[in-house]
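> Residue strings, one per chain:
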Amino acid sequence: MKPTSPEEHELEKLSSEVSERYRAGPQDEPPAGLDAAVLAAARREAGQSRPRRNWQVPASIAAMLVIGVSLVLMVRENEPPRPSVERPAADEAKLAKPAPPQLAMKAKPKADVDSHREARPSRERSTRPDREPLALEGGVAAQDNAAPAVVAQPVPEPAAPGVAARAKPVEQEQARIAESSDLSTSKKAEAFRKQDGAAPVQPEDWIRSIDDLLRDGRQADAREKLLGFRRQFPHYPLPQRLQALLPPDQR
Amino acid sequence: MLPARLALVTADTVSDEQLMLRYRDGDAAAFEKLYARHRGGIFRYVLRQVGLRSAAEEVFQEIWMNIISSRARYRVEARFATFLYHVAHNCVIDHFRRKTPLHLISLDDDPGEAVQVAGPDRDQPERAVALRQSAAKLLNALALLPPEQREVFLLHEEGGLTLEEIAIVTGSGRETAKSRLRYALAKLREGIEHEADVA
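Protein sequences, first through last, are from chains A and B. FYI, the working numbering numbers position 228 of the first sequence as 228, with every residue one higher than the one before it. FYI, the working numbering numbers position 53 of the second sequence as 53, with every residue one higher than the one before it.
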């Protein structure tokens, strides 16, 4: 007790005087048996219940990691593959045409694979919501469209006369696809117009079709087509019979 | 009697709080040191209030069992002595609640048990040392003190608690604790002098 006032100083003096006499008295202590009992209980308690390690924190961190990693893997797995090169619409239209019998035959194993894939019970499909398998199938379809050469690629076989003859149309088709992919943009557009039944590409064909319209008495259509022709080929020399259809400043 | 091993460890300089923290972490040897430091003071604190040795032993064991069982929750918020004597204070109160005060002076009790509080040992020879005689008188005077004053004196004397710590343990204010201590000391000194005058 630290005295802070004269009153407490006096109290401290009195305390030390009484304390001296008190200490001189009997120093009662607990019996040895009680000491042993208390110490035994203390040792027992220390040995039995060691301070519990806080296992909840590392366990929850591990669980979070596992869930996070599995989520990332699931998302990556479900992500539809992106086509590396965008193919023009013309290629897609050509590929949409029914393949020759040989091609169809070669492509059949792939179709079998697809049907087998659909028939096979998939763990992922069973766990995903209904919309997800559609997305996956769409992804597969996109992949198939993006790489038709892989799908229709003939398997190289030993040179047998019959087989070689059968493989020829396949090679031709393959060459045609490659050629179409190498076309310049304008040529592709031209091919597309031709395919859609639009105006012919060659000037002679175009003029021939205008003559046909005139022959059928469709003057207005012939004039319209001729104007389109003039826009496409401004310097092409027109026959006299057609120049009369144009306005004077375009002749 | 203090075991020799326990007597040796009392000279350790590690603080009570450190020892209790070690015990909390599973070091049983730290508890032995802590127990050796406080066993006598706690026992006398209980004995001087309860009056009977058998009852004091029971309360004493209860106090240490509470300390042992609460070790996992122990945090250093005050001196260990304050914590220990707070537990002891509560156990003594519980003891008095369980037993009526009349039980303390029941005729069924062994009369020899209460000599430590009730008065000087009858077997003590008259020619004993004067200081020891006055100590016995002091114990007699202590037994006659009001319980609150007696407890404050014991907390100060056996526990070495300051007035602030006594106030915390007893749940009173510092000035109240100081007042009680002053009255207690004055009465004890008066009791010693009165006994001397009678003699």
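One thing to keep in mind: the hints can contain errors.
[As the list claims (entries may be wrong)] Okay, derived cross-link-like pairs now, SDA-like style, lysine to any residue, Cα gap no bigger than 20 Å in a straight line:
| # | chain 1 | residue 1 | chain 2 | residue 2 |
| --- | --- | --- | --- | --- |
| 1 | B | K99 | B | G160 |
| 2 | B | K178 | A | P6 |
| 3 | B | K178 | B | A130 |
| 4 | B | K178 | A | S19 |
| 5 | A | K13 | B | K99 |
| 6 | B | K187 | A | E12 |
| 7 | B | K99 | B | S54 |
| 8 | A | K13 | B | E175 |
| 9 | B | K187 | B | L144 |
| 10 | A | K13 | A | E29 |
| 11 | B | K178 | B | L145 |
| 12 | A | K13 | B | E193 |
| 13 | B | K178 | A | H9 |
| 14 | B | K178 | B | H86 |
| 15 | B | K187 | B | L145 |
| 16 | B | K178 | B | G160 |
| 17 | B | K99 | B | P147 |
| 18 | B | K187 | A | R21 |
| 19 | B | K178 | B | R132 |
| 20 | B | K99 | B | R79 |
| 21 | B | K187 | B | I168 |
| 22 | B | K187 | A | Q56 |
| 23 | A | K13 | B | H86 |
| 24 | B | K187 | A | G228 |
| 25 | B | K178 | A | A24 |
| 26 | B | K99 | B | F80 |
| 27 | A | K13 | B | Y183 |
| 28 | B | K178 | A | E8 |
Calculated directly from the structure, the hints in this document are not laboratory data.
> Please go over all the hints and tell whether each is borne out by the structure.
Tested hints:
no.: 1; hint: B/K99 with B/G160; in the structure: violated, 28 Å
no.: 2; hint: B/K178 with A/P6; in the structure: holds, 13 Å
no.: 3; hint: B/K178 with B/A130; in the structure: violated, 30 Å
no.: 4; hint: B/K178 with A/S19; in the structure: holds, 16 Å
no.: 5; hint: A/K13 with B/K99; in the structure: violated, 37 Å
no.: 6; hint: B/K187 with A/E12; in the structure: holds, 15 Å
no.: 7; hint: B/K99 with B/S54; in the structure: holds, 13 Å
no.: 8; hint: A/K13 with B/E175; in the structure: holds, 18 Å
no.: 9; hint: B/K187 with B/L144; in the structure: holds, 9 Å
no.: 10; hint: A/K13 with A/E29; in the structure: violated, 27 Å
no.: 11; hint: B/K178 with B/L145; in the structure: holds, 15 Å
no.: 12; hint: A/K13 with B/E193; in the structure: holds, 17 Å
no.: 13; hint: B/K178 with A/H9; in the structure: holds, 12 Å
no.: 14; hint: B/K178 with B/H86; in the structure: holds, 18 Å
no.: 15; hint: B/K187 with B/L145; in the structure: holds, 8 Å
no.: 16; hint: B/K178 with B/G160; in the structure: holds, 14 Å
no.: 17; hint: B/K99 with B/P147; in the structure: holds, 16 Å
no.: 18; hint: B/K187 with A/R21; in the structure: holds, 14 Å
no.: 19; hint: B/K178 with B/R132; in the structure: violated, 27 Å
no.: 20; hint: B/K99 with B/R79; in the structure: violated, 31 Å
no.: 21; hint: B/K187 with B/I168; in the structure: violated, 24 Å
no.: 22; hint: B/K187 with A/Q56; in the structure: violated, 59 Å
no.: 23; hint: A/K13 with B/H86; in the structure: violated, 26 Å
no.: 24; hint: B/K187 with A/G228; in the structure: violated, 129 Å
no.: 25; hint: B/K178 with A/A24; in the structure: violated, 24 Å
no.: 26; hint: B/K99 with B/F80; in the structure: violated, 29 Å
no.: 27; hint: A/K13 with B/Y183; in the structure: holds, 14 Å
no.: 28; hint: B/K178 with A/E8; in the structure: holds, 8 Å
Hint compliance for this structure: hints 1, 3, 5, 10, 19, 20, 21, 22, 23, 24, 25, 26 are not met, and every other hint is.
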